[in-house]
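Q: In the order they appear, the protein sequences are chains Y and U. So for the first sequence, the working numbering puts the first residue at 327; every next one is plus one. So for the second sequence, the working numbering puts the first residue at 1293; every next one is plus one.
Honestly, the hints are just simulated from the structure, not real lab data. It is possible that some hints are incorrect.
Unchecked claim - Pair by pair, the computed Cβ-Cβ distance ranges are:
no., chain 1, residue 1, chain 2, residue 2, range
1, U, Tyr-1462, Y, Arg-372, 56 to 62 Å
2, U, Val-1412, Y, Glu-805, 43 to 49 Å
3, Y, Ala-466, U, Glu-1453, 49 to 55 Å
4, U, Glu-1453, Y, His-838, 51 to 57 Å
5, U, Leu-1449, Y, Asn-772, 55 to 61 Å
From a predicted model like this one, the values you see are computed outputs, not experimental measurements. Quick reminder that beta carbons are idealized off the backbone N, C-alpha and C, glycines included.
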Amino acid sequence: MSNLNIDAEKAHTFDAIVIGSGISGGWAAKEFTEKGLKTLVLERGRDVQHIKDYPTTNKYTYEFEHHGEPALAIRKENPIASRCYIFREDAMHFVVKDQEHPYVQEKPFDWIRGYQVGGKSLLWARQVQRWSDLDFEGPARDDFAVDWPIRYKDIAPWYSYVEKFAGISGNKDGLPQLPDGEFLPGYPLNAVEDYFKKVMTNKYGNRHVISARCAHISKPNQIHLDQGRGQCQNRTLCQRGCPFGGYFSSNASTLPWAAKTGNLTLRPFSVVESVIYDDKKGKVTGVRVIDTNTKEVTEYFAKVIFVNAAALNTNLILLNSKSQRFPQGLGNDNGQLGKFVAFHNYSARISAEYDGMLEYTTDGRNPAGGGYLPRFRNVFKQETNFKRGYAAGFSARRMSNKDMSGVGEGLKTNLMKTDLGPWSVGSHMMGETIPKESNFVNLDPNKKDAWGVPQLNISVDYDENDVLMKKDYLEQLTEMFTEAGFTNIKQNDASQAPGLDIHEMGGARMGHDPKTSILNKWNQLHACKNVFVTDGACMTSTSTQNPSLTYMALTARAVDYAVKAMKNGELT
Amino acid sequence: MERRLVIKQILIMAGGMALLPSCLRDAGKSSVLLKNLDVSLDQENLLAEIAETIIPKTSTPGAKELNIHLFVLKMVDDCYEPEEQQLFIKGLEALKAITQDQYRKSFMDIAVPERQKVLVGIENDKEASAELAAFYKIMKGKTIQGYLNSQYVMTNLIKWELVPGRYNGYYPVKTA
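If we strip away everything but chain Y, and leave its shape as in the complex, we get (with noise of 0.2 Å):
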C-alpha cells in the first residue's frame, strides 16, 4: 500500500512545474526541456495541436454562417467577450466565454482570457518591441511604484535569445527609446505611411515613424524550420491559428520543440487550485490540480515551480495558496500582492484621409499592420502636465469607393468597380499607465467558480494622469495629421474599460526590496525562492511597448537561472 503511494508520488513528481501554456508559459516549457529537466505543464483548456485544432484556419467569409458576425444570442450571452475584436465566429471558440468563467467587477473590466493550450498567443497582435533604459529607469525618475531591479543589460542577451528562436521582423531604425533586435527583414512602410514618416521626422525630429516590429517569419532561418515553420503568407487571418506557423505562438513554435526532446508532459484542463508550500519544509513542494471534467483532485510535485497563468490569474493563484507561513496568500509578506495593477490605455482613435499618392495603392497584405510611432512624450526628460507618454500605432490604406445608390444592372455595375478612394489613415494610441495600490485584484470572500476557486475580484480603474495623455494623444496626432495635409480628421474617444487592451500587468511586481515588492530580480518570490513569476503579473510598470517579448525573454533568464541554482544547490 504505501509502495502504491510512493509510486503515484513519484509518477507525480517532476523536476520543475508551469502552470500554464501561453506565450510565457510556452518559452519556460520549451527551457526547462532543452535543459534536461523534467517538466509538466499545466493547462486549465482543452488541447489546441498546431494545424490540426485550427478548424477555420482556411474558410472563406461565405462558409462562416454569418459571413463573421456572432450571432445576437451569443453576444447577448458574452457582452464581454463581445467586445474584444476577436470575438468573431472564426475565432471566437478561443475565446472564454462570459458565463464559463465568472469573476466580480468591483469597477468595469473587460477581461479577455484564451483557456487552451498556447493560451492568448494564438490570438496575440503580434507586436514585439524591446524596452530600453528610459522605460526600465521611468519608475526611479518619475517618482512611481519602485524601481525596477533590472536594467536593459541584463535583459539585452535574453530579448535577442528569444527573438532569434521566435522570429521578428523589422528594421534596425537606431532608436535609443526602442532598442533594435534579432530582426528578420521588415515589412515595409507603404506609401503613405513612408510620406508620414517624412514629414514626421523634417517637422519634429524626434518624432518617428518605424515599420511596426512583428512576431512574424518574413524570411525563415534554419531555426524556424527546424521548427517545422515557414515564411508568413501575408494572410492576416493569424486569430485563426496559421497552418503555416507564419507567427509566433506556443503551439507553433515553443510547445511542439519542447515536446520534441521528451522532457515535457503537458496536461490540458487541469485548473491549477493552489500552489502548496509544505510548512515543515519550508518551501513549495508542487500544485494542487483540478481536473475540470473530472473535477478530481491531484497533486504533483517539482522541485521548481514557475507560475504562467497570464498576469490577473497568477495573482489570483498565488493569493489562493495559504498556508501557515503564509496566511494571505503565497509570498505575500508585504500584502502588496494583487496590488499596483496597471493596463495600456488604448482609449483613443484617430482617423483621417489623404489624397496624394493616389499613384499607389497596395497589393497583398502586411502582417505587420504598418507604422508604429515609439513614444516621444518625457522620453528624455519630463515635458508635460502628465507622467510618462503613449505609442501609436499607424497605418494608411485604400479602398475601393463603391457607389451603393438604386437597385438593378446600374448598381450590380457600381458593386464590380473597383476604383479607389482616397487613402484611409488611421492611428491608435497606448498609453502608459501608471501602477497604484488603489487598483487591485483580490479574491472575491464568497463567490467561487464551477471548480470551487474563489472568483477573482477586479478593481482597476484610469485616473486623471491618463485622461490627460488621452487628451495630448488627441491633441498631437491632430496636429500632426494637419501638418501631413490629411483631411477630414475625426477624433475618436474610444473611451473603453480597463482590460479590453488586454495588456493587465502587475500585482506580484518585481523590486529590489522584499518590503515593496513580491519578486526579486530574478523573478523569484522574495519569501519562496522556488517558485517563479514570469507572466504579466511581474511587471513593475507598464511603459508603452506591447509586452509579450518581455514576459519571453524574462522567462528565458529566469529558468536559465533557475535551473543554475538548482545545479549548484541553492535551489532543492
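Guided by the hints, dock chain U onto chain Y, whose structure is given.
A: For chain U alone, kept in the frame of chain Y given last:
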C-alpha cells in the same frame, strides 16, 4: 419502407444545419429553418424577387440564383434584435401594401421596371415609415453584403486571396 423513413429523417436532420428542400416541409412555410422569424413561403418568394431586383441576373447570376435572400433571412433571424426583426417583417408587408396601392397588383405580378421603381421610391423617400425604411436598409445592405461575400463573387468576379504570399506598399495604380 423503413429505409425511406431513415432517409427522410436524415434529410430532415441535415436540413436543420443547411437549407431544407421545401418539398419536405410544411408547404406554406419558409424553406429555411428560422429560430425567431415567422416567414411564409410567399414572403420568402417575395424576398427572393426583391433581392433579384436589387441585384439582377445579367451575364452573371443574380441574387435569387445565389440564394442571397436566404442569407438575408438567416442574418435577420440570428443577428438582429427582436424589435428590428419585427420592423423587417412589418416593412415587408408595408412594401406589399404600397405596391398594391400604386399598381393594383402584387410585387410578384409587376414587371422589373416597376419593381425597381417601388424600391428606388422607398430608397429616396425621406418620409418613409420606420418599418419600411428599416426593412429596406436591412434588405439592401444584407443583399449587397451577401452578394459581395458570395462564393460566386469571391471566386469569380472580385477574387479574394486566401494566401496572398506578398505585400507591396508601393503598388502602381493602373490608369484606364
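Q: Mind listing which of the numbered hints don't hold for this structure, in increasing order?
A: 1
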